[in-house]
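Trainee: I would like the entire structure built from these sequences, with the hints used as guidance.
Those sequence lines, one after another, are chains A and B. Going by the working numbering, the residue at position 38 of the first sequence is 38; the numbering climbs one at a time, nothing skipped. Going by the working numbering, the residue at position 14 of the second sequence is 14; the numbering climbs one at a time, nothing skipped.
FYI, nobody ran anything at the bench for these hints, they're computed from the structure. Don't be surprised by glycine CBs; every beta carbon is placed ideally from N, CA and C. One or more hints might be untrue.
Simulated restraints, written as ranges between beta carbons of each label pair [unchecked claim]:
id : chain 1 : residue 1 : chain 2 : residue 2 : range
1  : A       : Ser58     : B       : Val12     : 38 to 46 Å
2  : A       : Phe18     : B       : Glu56     : 37 to 45 Å
3  : B       : Val12     : A       : Gly41     : 15 to 23 Å
4  : B       : Lys18     : A       : Ser79     : 49 to 57 Å
5  : A       : Gln45     : B       : Phe20     : 22 to 30 Å
6  : B       : Arg44     : A       : Met7      : 16 to 24 Å
Think about it this way: if two alpha-carbon atoms lie no more than 27 Å apart in a straight line, the pair counts; the simulated DSSO-like pairs of lysine-lysine are [stated by the list, open to error]:
id : chain 1 : residue 1 : chain 2 : residue 2
7  : B       : Lys95     : A       : Lys49
8  : B       : Lys3      : A       : Lys49
9  : B       : Lys70     : B       : Lys18
10 : B       : Lys57     : A       : Lys49
11 : A       : Lys56     : B       : Lys95
12 : B       : Lys102    : A       : Lys60
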Amino acid sequence: GDSVTQMEGPVTLSEEAFLTINCTYTATGYPSLFWYVQYPGEGLQLLLKATKADDKGSNKGFEATYRKETTSFHLEKGSVQVSDSAVYFCALRPRHAGTSYGKLTFGQGTILTVHP
Amino acid sequence: DVKVTQSSRYLVKRTGEKVFLECVQDMDHENMFWYRQDPGLGLRLIYFSYDVKMKEKGDIPEGYSVSREKKERFSLILESASTNQTSMYLCASNKAGSTNEKLFFGSGTQLSVL
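Mentor: Next comes the structure, spelled out in structure tokens:
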């Protein structure tokens, strides 16, 4: 079945450091790919998405590129801030989702802590 | 501002109790979902509903049931709570149709079963 694997966490960085959170997936066909972020005490919210190969999603300084050849969707940010401290989830939606377009498969989540 | 509201932020129940988790959305969304979130396991889909009175099992439906009598409300029911159901429960919704894949989440209910 479909699955998403994220890099092991937690990740601890100093402010202004470069961030990479790895995400690879297994799916039939060409799924849509997402990054969601969960700030402390809140629900998840969509950070960025890509719906086809070579698409780049971007938002709030974060970027991720849909790489079909490596089945990856790594999240990057050039200079993190303390306010980026959160849990980050990679997710996919398969093309054959049928009636529901919200049946996402999530990765394990990666806790990011940024220190001043 | 669009909202998905879960009735309780924290809930403590005893083994064997019947537990109701409520979720309400104000966005007129057709689709509603219940996930549970556990450390190291990410989010796993319990049940979802794509219309009033319609429901489908997700990946881990055992020990749970759901109810959707009105479009805006989706309830998760633990018929007889067990300690392995201690978890964070997240409700989500979105509009039907391929042009909108974004899920809107509630803040979650942390359930402890003692």
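Trainee: Would the pair Lys56 (chain A) and Lys95 (chain B) pass a check requiring their Cα atoms to be no farther apart than 27 Å?
Mentor: Holds, at about 24 Å.
Trainee: Against the range 15 to 23 Å, how does the distance between the Cβ atoms of Val12 (chain B) and Gly41 (chain A) compare: consistent or not?
Mentor: The hint (15 to 23 Å, Cβ to Cβ) holds, given that Val12 (chain B) and Gly41 (chain A) are roughly 18 Å apart.
Trainee: Is it true that the C-beta distance of Lys18 (chain B) to Ser79 (chain A) lies inside 49 to 57 Å, as the hint says?
Mentor: holds (50 Å)
Trainee: Could you grab the alpha-carbon distance between Lys3 (chain B) and Lys49 (chain A) and see if it respects the 27 Å cut-off?
Mentor: Distance ~21 Å between Lys3 (chain B) and Lys49 (chain A) Cα, so the pair holds.
Trainee: Okay, Gln45 (chain A) versus Phe20 (chain B) on CB: inside 22 to 30 Å?
Mentor: holds (26 Å)
Trainee: Can the restraint linking Lys102 (chain B) and Lys60 (chain A) be considered satisfied, given a maximum Cα separation of 27 Å?
Mentor: holds (17 Å)
Trainee: Is it true that the CA of Lys95 (chain B) sits at most 27 Å from the CA of Lys49 (chain A)?
Mentor: With a Cα-Cα distance of about 17 Å, the restraint between Lys95 (chain B) and Lys49 (chain A) holds, given a limit of 27 Å.
Trainee: Do Phe18 (chain A) and Glu56 (chain B) keep their Cβ atoms within the hinted range of 37 to 45 Å?
Mentor: holds (42 Å)
Trainee: Are the Cα positions of Lys57 (chain B) and Lys49 (chain A) separated by 27 Å at most?
Mentor: This hinted pair holds, its Cα atoms lying about 26 Å apart.
Trainee: Is it true that the C-beta distance of Ser58 (chain A) to Val12 (chain B) lies inside 38 to 46 Å, as the hint says?
Mentor: holds (42 Å)
Trainee: Are Lys70 (chain B) and Lys18 (chain B) close enough, with their CA atoms no more than 27 Å apart?
Mentor: Roughly 21 Å separates the two Cα atoms, so the pair holds.
Trainee: Could you tell me whether the CB distance from Arg44 (chain B) to Met7 (chain A) stays inside 16 to 24 Å?
Mentor: Taking Cβ atoms as reference, Arg44 (chain B) and Met7 (chain A) lie about 19 Å apart, which means the hint holds.
Every hint from the earlier list agrees with this structure, and none is contradicted.
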